[in-house]
Amino acid sequence: MRRIVFRKSSGFKRVRPRQVLPAFTLVELLVVIAIIGILISLLLPAVQAAREAARRMQCTNNIKQIVLGVHNFENVNNAMPMGMYSAPDATIGGSKPAAIDEGLGFLAMLLPYMEQSPLYEQAKIGETWKNWEQAYKNADSAGKLAMKGVFSQYYDANSTFMPGGDTVVSSFRCPSSTLPDRAPATFALHGAGTCPVEAMTVGYATSDYKGCGGSEGPEMDGNGKDNGVLAKNAESNGAVRFSQITDGLSNTLMIGESSYVPGGNTATSSLGCYPTWIGGQYNDEQIRITGETASVINLGPYKKTWWVDNGAGKNAVNNDNAYSEHPGGANFGLCDGSVRFLSENISQSTYNRLHGRNDGKPLGSF
Amino acid sequence: MTKIKTIVPLLLLAGWLPMTGCGDSHPFPLAQAEGTVLCDGNPVAFATVYFVPVEEGKSAIVGKSGQATTKQDGTFRISTYQPGDGAVIARHTVRVGTSLSTDPSCPAELSPMKVVQTVDVIKGKNLFTINVPKRNSRKKPVIEEN
Chain B
12 MRRIVFRKSS GFKRVRPRQV LPAFTLVELL VVIAIIGILI SLLLPAVQAA
62 REAARRMQCT NNIKQIVLGV HNFENVNNAM PMGMYSAPDA TIGGSKPAAI
112 DEGLGFLAML LPYMEQSPLY EQAKIGETWK NWEQAYKNAD SAGKLAMKGV
162 FSQYYDANST FMPGGDTVVS SFRCPSSTLP DRAPATFALH GAGTCPVEAM
212 TVGYATSDYK GCGGSEGPEM DGNGKDNGVL AKNAESNGAV RFSQITDGLS
262 NTLMIGESSY VPGGNTATSS LGCYPTWIGG QYNDEQIRIT GETASVINLG
312 PYKKTWWVDN GAGKNAVNND NAYSEHPGGA NFGLCDGSVR FLSENISQST
362 YNRLHGRNDG KPLGSF
Chain H
361 MTKIKTIVPL LLLAGWLPMT GCGDSHPFPL AQAEGTVLCD GNPVAFATVY
411 FVPVEEGKSA IVGKSGQATT KQDGTFRIST YQPGDGAVIA RHTVRVGTSL
461 STDPSCPAEL SPMKVVQTVD VIKGKNLFTI NVPKRNSRKK PVIEEN
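Protein sequences, first through last, are from chains B and H. The C-terminal residue of the first sequence carries number 377 in my numbering, and the numbering is unbroken. The C-terminal residue of the second sequence carries number 506 in my numbering, and the numbering is unbroken.
Hints were generated in silico from the structure; no laboratory data involved. Please read these numbers as outputs of a predicted model, since none were measured by experiment. Incorrect hints may appear among the rest.
Pairs of lysine-lysine residues, derived as DSSO-like cross-links and limited to a Cα-Cα distance of at most 30 angstroms, are as follows [to be verified]:
no.	chain 1	residue 1	chain 2	residue 2
1	H	LYS474	B	LYS372
2	B	LYS148	B	LYS107
3	H	LYS494	H	LYS418
4	H	LYS494	B	LYS107
5	B	LYS135	B	LYS148
6	B	LYS372	B	LYS75
7	B	LYS75	B	LYS135
8	H	LYS418	B	LYS372
9	H	LYS418	B	LYS75
10	B	LYS159	B	LYS107
11	B	LYS107	H	LYS474
Build out the structure end to end from the sequences listed, making use of the hints.
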């Protein structure tokens, strides 16, 4: 403490003392620290939320790019791509063709329309499909039933994945996703086993976005699964044109987020594989989602296990679900080019009807 | 001393603020929903049960669907957001999906695509008996394709 200094002013008689305080007291210091503490405590949780918001926004942008790619594709080809380029016949003489659930995916076909032409050429996407389609057309009924899918054929001949299939395309990955970049060499679903032909899918780069392949259930009054826009060939009867989307482009879903490893809906049906942009290998769940009773957004309460074990076996309660790591819902691209975040609390009637392209039923506000 | 008295509430505030925003992320109240699935009086074992909230007003945001699988004695307990948390308080349509049971006493007509019953889940404990129809013996069982 300095001494109190008295100054004399020349013209006045009165003398005023002035006190000078050059330092903070301890109490003031504590107050400042408390205020800084409050500000930081406000900021920290906000930073975490802002990071997730930023990732969600990037995911929104990815979906927007894919939807624009589909629109570019439609401009050139007068139709949308098929969800899966697989066998066109659902049944031949009462039997299912072997290649019904196996084929190139719509994301692979969109590569040239998303500035990824070199990858499209490297993987020989268009050529592979043309050759396969021609061979299928030329085959007789027995040959069509027995003919293997694109990936099985390639794997049988080369014992590896298609060249370029391991290229990670950043537009096909959601930044919040926890899937690995490529299907790992060995993997097992929780208590369920492995992919039907595990080795065949290993090495392909994963994707977090799938096509919306229609819906099924009491909300749809018997309309089958073929009323989506990006279904497999046999489901949609070939490529869908915009004129066939009679519900309107803004009332129909096109792309959905689905970054999980899907499983079949009973323990005996085909088990899951990693979703890959190049297509589905014996598994249409790798490239498309649907709207139905078992396909709630972000999976049901047992999401971390996919299966519920009741003693008799593993009962999967989910099927063809949209799934994201964003809390409370998932991002969807609609056919009109808009991208919306749908809540997991959306009613099944509205969600399923959004999947359908020609159901003609009203939607609730969502 | 007066300054210290002002600091104490400030410090309490600093401790409380980081905890704001960490409450329930879903606004839908839940209630326990349990019951038994019966077919002709026999329990339907190892089947999947779905409780789907019905959209009644203008809003399509009605709450997530609940799921459960039945035990050997046909009993089930619905979960929605977390295992064992119950069902959203609302009117639900009930669907019963495929069963892993091979019990021949009542071959039930099971499909997640068919509404078996409509129930109201109310506040408190709910106990339901879900009766599923017997399958027409002449009809071949439909294998659902996923």
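A quick look at each hint next to the structure:
For the given pair, LYS474 of chain H sits about 18 angstroms from LYS372 of chain B by alpha-carbon distance, which is consistent with the 30 angstroms threshold. At most 30 angstroms may separate the alpha-carbon atoms for a hinted pair to count; LYS148 of chain B and LYS107 of chain B meet this at roughly 16 angstroms. A distance of roughly 36 angstroms separates the Cα atoms of LYS494 of chain H and LYS418 of chain H; the hinted pair therefore is violated under the 30 angstroms criterion. A hinted pair counts as satisfied when its Cα atoms are at most 30 angstroms apart, and LYS494 of chain H with LYS107 of chain B qualifies at roughly 28 angstroms.
This hinted pair checks out: LYS135 of chain B and LYS148 of chain B have alpha carbons roughly 20 angstroms apart, not beyond 30 angstroms. At roughly 26 angstroms between alpha-carbon atoms, LYS372 of chain B and LYS75 of chain B fall within 30 angstroms of each other, so this suggested pair holds. Under the criterion of a C-alpha separation no larger than 30 angstroms, the hint pairing LYS75 of chain B with LYS135 of chain B is consistent with the structure, at around 26 angstroms. A distance of roughly 14 angstroms separates the Cα atoms of LYS418 of chain H and LYS372 of chain B; the hinted pair therefore holds under the 30 angstroms criterion.
Using a Cα cut-off of 30 angstroms, the hinted pair LYS418 of chain H and LYS75 of chain B holds, with the two alpha carbons roughly 28 angstroms apart. Among the hinted pairs, LYS159 of chain B with LYS107 of chain B is consistent with the structure: their alpha-carbon atoms are about 12 angstroms apart, no more than 30 angstroms. Distance hint between LYS107 of chain B and LYS474 of chain H is fulfilled; the C-alpha atoms sit about 25 angstroms from each other, no more than 30 angstroms.
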